[in-house]
Amino acid sequence: MISKLAVVETSDIGENTRIAEFAVVRQGARIGANVVIHPHVVIADGVVIGDGVEIFPGAVLGKEPKGAGALSRTPVFERSVRVGDNSSIGPHAVIYYDVSIGENSLIGDGASIREQCTIGNKTVIGRQVTINYNVRIGNGVKIMDNSWMAGNMDIRDGAFISGGVFTSNDNDIGQHGYSDAHVVGPTIEEGAMIGVGAKLLPNIVIGKNAVVGAGAVVTKSVEAGTVVMGVPAKVVKRSE
Amino acid sequence: MISKLAVVETSDIGENTRIAEFAVVRQGARIGANVVIHPHVVIADGVVIGDGVEIFPGAVLGKEPKGAGALSRTPVFERSVRVGDNSSIGPHAVIYYDVSIGENSLIGDGASIREQCTIGNKTVIGRQVTINYNVRIGNGVKIMDNSWMAGNMDIRDGAFISGGVFTSNDNDIGQHGYSDAHVVGPTIEEGAMIGVGAKLLPNIVIGKNAVVGAGAVVTKSVEAGTVVMGVPAKVVKRSE
Amino acid sequence: MISKLAVVETSDIGENTRIAEFAVVRQGARIGANVVIHPHVVIADGVVIGDGVEIFPGAVLGKEPKGAGALSRTPVFERSVRVGDNSSIGPHAVIYYDVSIGENSLIGDGASIREQCTIGNKTVIGRQVTINYNVRIGNGVKIMDNSWMAGNMDIRDGAFISGGVFTSNDNDIGQHGYSDAHVVGPTIEEGAMIGVGAKLLPNIVIGKNAVVGAGAVVTKSVEAGTVVMGVPAKVVKRSE
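So the protein lines, in turn, are chains W, C and R. Taken in order, the first sequence gives residues 387 to 626; the numbers are from our numbering. Taken in order, the second sequence gives residues 387 to 626; the numbers are from our numbering. Taken in order, the third sequence gives residues 387 to 626; the numbers are from our numbering.
It should be emphasised that the hints constitute simulated quantities derived from the structure, not laboratory data. Heads up, some of the hints might be wrong.
The list cannot tell twin chains apart, which means a pair is met if one copy fits it or any two copies do.
Said to hold, decoys possible - Cross-link-like lysine to aspartate or glutamate pairs, in silico, EDC-like; alpha carbons within 16 angstroms at most:
| hint | residue 1 | residue 2 |
| --- | --- | --- |
| 1 | 623 | 540 |
| 2 | 390 | 407 |
| 3 | 594 | 576 |
| 4 | 606 | 431 |
Work the whole structure out from these sequences, hints included.
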């Protein structure tokens, strides 16, 4: 079930796994059983794939962050990726090194997840979503298509983030260089819901089960159960 | 004109068609005449490509929707894709099963179009645009780069949708699971124009030749010929 | 260091350069020394790659713009691409013909840069960013993930553009066809900072070191050093 036209340098491959033509699996990668690897996938060393995972064409697992002299922050990472059982990696998705993805999760087409991120179980990362470095994403989270999560964020269990949601982690928008202390993205707590096209500013907390309306620009923390809307976002309904 | 380094399992290929190195064309695919298939393209069974189509590197035609246990809606689809004569599929674009694309249409780089979608003739789908399931898009439509169209939408002939436009199909933003009855995206009627970065909420109609201003958040239906702006959008000019 | 499984038609390759499996490098391409070309990269004729460049899997350099009968503007371009020393091209990035990229610059995963664009040195183009035709981008510029730059724009040295920023170049939003005279994107001057999710309308100037707040919709020019916010954007702080 391993195509002769694939480049497979590892022998650590489970039963009944299929690897298609022109895929590249490097030495040191570990692939589970019943895995399907489509054409043109690249799996680097240090990547561990669970059982029953499907990896669609052109996905790249195990990318080194690259500064090219142009970034203010020097990337830090371990040379490993873990994908849990029965998860699915979409076509052209890019998973950097030092990323852990749980079980039964779905990474959408073209999504890109940077180093130092963890993603829970039964979580959906939509198409073209970009997740920056050091983001913790819980179980049962949904992030819909074309959203951008800034670096140094927390997204807790059951949070729902609609499409075109953009977050920020630096009130100085880059003018003072990078420091972990003042570059902190928002925290989205359990069950909070962020409407389509909302913007979340740095260093705020969206409380449990709070709701952020479509297109809102949230500049301050939102208490649990509260509904906010507008630009800038104002409370329209408090939790009882 | 078919590279010896391509994997071509079908013999149903028209005259003068070129297939480049490392492309994969599965048994059961039908390819027209004068088609250009660039390297690293994947064409699944059940895909029918018209004459004069160009498919750029890394495009994937015929992807199965994948739930991975994480989606609230179970995908429904037929195992077919149709691309009309002289259309163009950009690099890394992903066309799911059960999609029909008309003639002389242009699918941009990295665009992703889910199952149960139809796209008309002379229509442009921009780069990184994501179209969700069951969206009907007419003729002469333009959707510019990085926009997201929600599931269960109608976009009629000649509509113009600028870049970074995001739409929504669920006022409950996911909290009550999926049902076709209450999950309905907006309808954009003939010749309507949606400005850059606008957000459209569920179950509304943007009437014929209506104009939605840049960055507007549209929460209610807009009558034909009307101009709306703001957050939430208000009428600034009525049709005469 | 050139894989036997790559297709390499040029012999104009510098010392110590590595080309991985299933990459395609066409005749007429020129590749510098110490370059790393990952699997599934496509490099067309007329592409010139400097020393020390790294090109990640699936990147495409040298794409022809394609109208397919569906665009209002006929693309104009020279058949060349230049990538300066020590720059990095992300996985699945697409660089059209007639693009010049400076030294030590970083093009993100899935970014797409159209014809007639120039990009300076030490500039970062984020992931999934789409740059339209004829955009001039200076040195030390940062454009964060998922942003869209319209055609006919200027972005000067040291400008910072956050994620999810969308710009526009046509006040008639497409209704009168294309003409260079009335289709002009915004100019972003030296050191200006554009907040997350802001929208910039056509034919305006964001002055030197001006700041545009998160989610603002900017409809008029902003003077140097001024801070604007809101929808539509209003001045909240003037330059002293």
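Hint by hint, here is what the structure shows:
1. 623 - 540: Neither way: residue 623 and residue 540 sit 24 angstroms apart in one copy and 32 angstroms across, limit 16 angstroms.
2. 390 - 407: both (7 angstroms within a copy, 14 angstroms between copies)
3. 594 - 576: Intra 5 angstroms, inter 41 angstroms, cutoff 16 angstroms: intra-copy only.
4. 606 - 431: neither (43 angstroms within a copy, 52 angstroms between copies)
Figure legend: structure checked against the earlier numbered hints; hints not met, in rising order: 1, 4.
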